[in-house]
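Undergrad: One-letter residues, chain by chain:
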Amino acid sequence: MEMTGNKEWGTGNVLLGRLASERGSVGVVMALVIFVVMGMMTMTWNTAQLSKAKMRLQNAADSAALAHAVWQARGMNAVQNINDEMYEALSLSVKLRNFARIMEPIALGFDAASNIPFVGIIFKGLAIAMHTIAVLAGGTGGWLATRICKYFLKWIAMFYVYGSSILGVVNAQKLASQNEADPLAACSPSSSVTDPDGWHLGIYSIGVSWPVKDTFLLPLAESGKDEVKKAPWKSDKISIFENSISPWKQIYKFTGAGDAWDIKPYVSKRGDKEGIKVETKKQGGKETTKVDDQGVLPGPTFWIAFKLGQNIETLPLDGFFNSGDKDRWTHKLPMFAIAAGQCITGDVVPHSKKSEEDKTNQRPAGFGAGATAKLVPVSQVFYDIAKGAGYVVDAIVYH
Amino acid sequence: MKGESDILKAIKRRLCGERATVMLEFAFVAPLVLIVAIYSADTMRILRTEQQLEIATRLAADVEAHMANYYGNGKTPSSATKNVAKRYLVDVAHVVENVGDVYIKGDSYVLKNLLSVAVDWINRFMKGQAFGDDNLFLKLIGKILGGIMNFVTFRTVNYITDVVPHDRAVKISTAVYIPTILPSAAYAAISLPKRGGGGGGRIGVGQFAPDLEGGKAATAWNLKLNAKKRHRVYCYMPVIDSVPVAPETYVRKFKSWCAKHPLLKGLVN
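Residue numbers (the working numbering), protein chains in the order written: chain C, 1 to 399; chain D, 1001 to 1269.
Simulated from the structure, these hints should not be mistaken for laboratory data. Nothing false has been slipped in among the hints.
Interface residues of chain D toward chain C, partial, derived using beta-carbon atoms under 7 Å:
{"no.": "1", "residue": "PHE1028"}
{"no.": "2", "residue": "SER1040"}
{"no.": "3", "residue": "PRO1238"}
Please read all numbers here as calculations on a predicted model, not as lab measurements. Idealized CB from N, CA, C, for every residue including glycine.
Just chain C, with the same shape it has in the complex:
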């Protein structure tokens, strides 16, 4: 059978003849198969590229969240070290004050005895000596506590709390940027040079530290109604000098010693500004005191990294479907990744018993210091937010 060159059959008949014939069918099948195979390879390649892009984005979010939490932990550890020093100063001042409390009644006794004729002058001298010792000891203690704690360590602690948090934000943005995430501030004119549209959408990371109330309002409790009764740094209000007939009480007041007794170190417990929240319950006639330990400072940091204009490189076959696109070899896909980090503190308590005994002054791990940071499931953040959504607004405003 002649397949070609037969004018009687005509062109249409030739095509029909070729289609009816089995010759060349392999070529047709191969063309279709190669097309499908190339499509599958493209899909595989694109999936790989997409997966890698997602990994990088997740890395950016993870590193940002962890970096923020790490600096918060460093801040907490610094605060704990300051608390430890506060305790040293306060405990010394309390001991000096207690010494003064012993001296002052003796001085008052000598004052009373000074009315005795002839020998009264001797008792008066002794009274003056005792008053002097008492005021010097008590005043020195108060002066130490006031100057060291209230006017110095307090501000150092505040510096660390705020500073470490700011450093956390800066470092998080830096790490996110180095993990191919552009910080928000990087919407710069230089980007518009490379992008004809004049607007470059990179990966953006947003950090939220929650709850900021606890982070930035660390309670430096000065006298208040809800004072912690069993706080180790707390001592009774000294009144002996206030009611004393001693002429030295003005000196005592001048030193500011009276203010110093109410200074409490920073604590990490969430609660009110007065410090550790203590709940007292009566159960069966027995009174129990419970320390509210729900949550420690600071709250989880929550970072979102997203990239609206993520370019995913694809195989050239992709251009077959998007031939009119100027970026024919790339897809632009919106992507985002979420990560949450948390500063896990040891209880930032105001003193270390071991530092009293251990002359190396090395604080035992886990006793106050030892705040660390880790990545936590994002669901935990949402759960925490659900418990106190009011704080989130503050957090967003801050950042």
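Following the hints, put chain D in place on chain C, whose structure we already have.
TA: Relative to chain C, chain D alone:
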């Protein structure tokens, strides 16, 4: 010869037959489908291995960061880290069908930031080294100023600056052999995508933090590894100094002095 011509004729007849067409189609298509299937499976397995290696590396770096904090030295990775990390890396070794070994390398770094620089300067100031050691006059001035600052602050500034959080980090990198039928060039193409901008340069996939040594070195090493079908993941993990050793402040010195004195012992104890 006649027999041979019969055989040739038979072959030609079979080749032109329908069954031959099917066989030819199969012969062409089957290898293609096989290659695509293996290519897909291999690519996905490489990705999976890389992800697992990344997780394992991050874990190793986390362990090492805690060890560095505990020991306070810069020798990383410690034997403990290697042991712990390799336990976890067993999963990755399984992924590579027990033919690969996982190599762990590491080092520790002190990163410089604004706070670290400021703290360094304060520390040097307190020690009288703020103006350098060359000029004796400036050194003397520095010591006097440092002494005054120490006295005014009861030496607590020195205390605080010694326990200030240092921005330390450990670097852990792992490398693993990933068996694949893909040629080295194809593997390298998958394993090392181009990365531009963002401050990161050309850096490997799976890093938790960027390579601080610079993009070129990382690229060279990665290319070398990729040529051997090896994949490397590196991870920087910050160290949190949580157990510092504090120097004695004047308050502590006074308490120690009182504790030694028989008359004042009861005052502070």
